[in-house]
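Full structure from sequences and hints, please.
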Amino acid sequence: MDFAFSPDQQLLKNSARAFLDEHMTPAAVRLLWDDPRGESEATWKEMAQLGWLGLSLPEAYGGSALGMVESAILLEEMGRAACPGPYFPTVLAARAIEEAGSDAQKKRWLSPIATGDARATIAFLDADLDWRPDAIQTRAETTAGGWALSGRKQFVPWAHVASVLLVPAKTPDGLTLFLVDPGAAGLTLEPAQMMDPATRLASVTLEGTPVTGAAVLGKPGQAGPLLKALLSRGAVGAAAEMLGAARRCLDMAVGYAKVREQFGQPIGSFQAIRHKCAEMLLEVENSHAAVYYAAWALDAKAEDHDLAASVAKAYVGDAARRVCGEAIQVHGGIGFTWEYDLHLYVKRAKALEAMYGDADYHRELIVRRVAA
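Just so we're aligned, residue 16 is where the sequence shown starts under our numbering, counting upward by one.
Think of the hints as simulated: they come from the structure by calculation, not from any bench. Virtual Cβ for every residue (Gly too), placed ideally from N, Cα, C. Treat each hint with caution, since some may be false.
Claimed, not checked - Capping the alpha-carbon separation at 30 Å, the derived lysine-lysine pairs in DSBU-like fashion look like this:
#: 1; residue 1: K28; residue 2: K365
#: 2; residue 1: K60; residue 2: K28
#: 3; residue 1: K316; residue 2: K185
#: 4; residue 1: K122; residue 2: K316
#: 5; residue 1: K273; residue 2: K316
#: 6; residue 1: K234; residue 2: K291
Claimed, not checked - Here are the computed distance ranges between Cβ atoms for each label pair:
#: 7; residue 1: R384; residue 2: R45; range: 37 to 47 Å
#: 8; residue 1: E114; residue 2: D145; range: 39 to 49 Å
#: 9; residue 1: R383; residue 2: F18; range: 20 to 30 Å
#: 10; residue 1: A159; residue 2: D23; range: 44 to 54 Å
#: 11; residue 1: K122; residue 2: D149; range: 30 to 40 Å
#: 12; residue 1: D319; residue 2: A199; range: 19 to 29 Å
#: 13; residue 1: A75; residue 2: R275; range: 51 to 61 Å
#: 14; residue 1: S117; residue 2: T40; range: 38 to 48 Å
#: 15; residue 1: R154; residue 2: A317; range: 29 to 39 Å
#: 16; residue 1: R383; residue 2: M209; range: 27 to 37 Å
#: 17; residue 1: D118; residue 2: R275; range: 58 to 68 Å
#: 18; residue 1: M209; residue 2: T130; range: 21 to 31 Å
#: 19; residue 1: E37; residue 2: E318; range: 34 to 44 Å
Following this line, the structure appears as structure tokens:
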């Protein structure tokens, strides 16, 4: 394991930053807040042309067959830009289809995802907001034509633009994952109000929603291990985005401290401000180590990959909150204003803190893993 990026990885990072600096400026992000879809179709298509949507997909489906480390590099840069859009939910859902899908399901969805012609998302959470797969209460009952799904899914990311929803539900054989058409009968979407206008979530209600037998992803009753693996991958992806947002807050705080003057000198010359910035840097660098170790562990299928994912999500969630808070303190009053851009990254980090399990949830997983 080498924490230094390879030349190709560094090129990916540099090109991602250049692209996002051009296309996802703070002004562009603010404009998307008022857009009904909340994303830019043109930017989405350009991401597909750059190979981002197929980054980790097999080459047979138009992908590059790269790993979680490369995905984390992209996600960190997206967090740094507070980039809105269904990128990671789609990539994570594509991973599920790649892992468990039939040849027909892979052909139907993976190539369109790689080309930007399809979007997907996973409806993990039920009404009780418990991230444990064992807590899922949505049910699927057999019918003459296949299955009927009933339940309520909460905080489903970017469901309103998804071409397909991946819905886990209880069946007589255990947890089963279904591919569900968002326009299916008995399915309704209700947007959820979020603190971060760039994060679009929805409640999904299923009232006897019919799906065919061909909509089952993998074998009935065997989705539990896959869901746990997807949550680990989701935790690392969210941690990478939080890392990018925290790093942006640190950079803004340091830049502001260099130019804001009090008593005839930059506030960055005061020891108290220097200490704050140094502590923020420490939090960011520790977060970097946690994220990229966890990403490497997933790629290497290391024995502790699930533990590493939980450590990354728990640590970075807390660290990003502290860094964002200190960045506001360094800025003083202007850091609280709507017109100043700092809150874009603070809100992004806060929204991601809860996704795929918050710090408390992952600390509990860590304790159970270590004590086992």
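The hints, checked one at a time:
A distance of roughly 24 Å separates the Cα atoms of K28 and K365; the hinted pair therefore holds under the 30 Å criterion. Straight-line distance between C-alpha atoms of K60 and K28 comes to about 19 Å, which keeps the hinted pair within the 30 Å bound. Under the criterion of a C-alpha separation no larger than 30 Å, the hint pairing K316 with K185 is consistent with the structure, at around 28 Å. Distance restraint check for K122 and K316: the Cα-Cα separation of roughly 26 Å lies within the 30 Å cut-off, and the hinted pair is therefore satisfied.
Our distance criterion of 30 Å between C-alpha atoms is broken by K273 and K316, whose separation comes to about 44 Å. For the hint linking K234 to K291, the alpha-carbon distance of about 52 Å lies beyond 30 Å, and the restraint is violated. Checking the proposed 37 to 47 Å range against R384 and R45 shows it holds: the Cβ atoms sit about 41 Å from each other. Distance hint check for E114 and D145: the Cβ-Cβ separation is about 23 Å, which falls outside the suggested range of 39 to 49 Å.
The hint said 20 to 30 Å for the Cβ distance between R383 and F18, and at roughly 28 Å that hint holds. At about 52 Å, the CB distance of A159 to D23 agrees with the hint of 44 to 54 Å. Between K122 and D149 the Cβ separation comes to about 32 Å, which falls inside the hinted range of 30 to 40 Å. Distance hint check for D319 and A199: the Cβ-Cβ separation is about 40 Å, which falls outside the suggested range of 19 to 29 Å.
Between A75 and R275 the C-beta distance comes to about 54 Å, which sits within the given range of 51 to 61 Å. Checked against the given bound of 38 to 48 Å, the beta carbons of S117 and T40, roughly 42 Å apart, stay inside it. Against the hinted window of 29 to 39 Å, the Cβ-Cβ separation of R154 and A317 comes to about 36 Å, which satisfies the hint. At about 30 Å, the beta-carbon gap between R383 and M209 stays in the expected band of 27 to 37 Å.
The hint said 58 to 68 Å for the Cβ distance between D118 and R275, and at roughly 60 Å that hint holds. Against the hinted window of 21 to 31 Å, the Cβ-Cβ separation of M209 and T130 comes to about 29 Å, which satisfies the hint. For E37 and E318, the Cβ-Cβ distance of about 42 Å falls inside the hinted range of 34 to 44 Å, so the restraint holds.
Violation of the numbered hints given earlier is confined to hints 5, 6, 8, 12; the remaining hints are satisfied by the structure.
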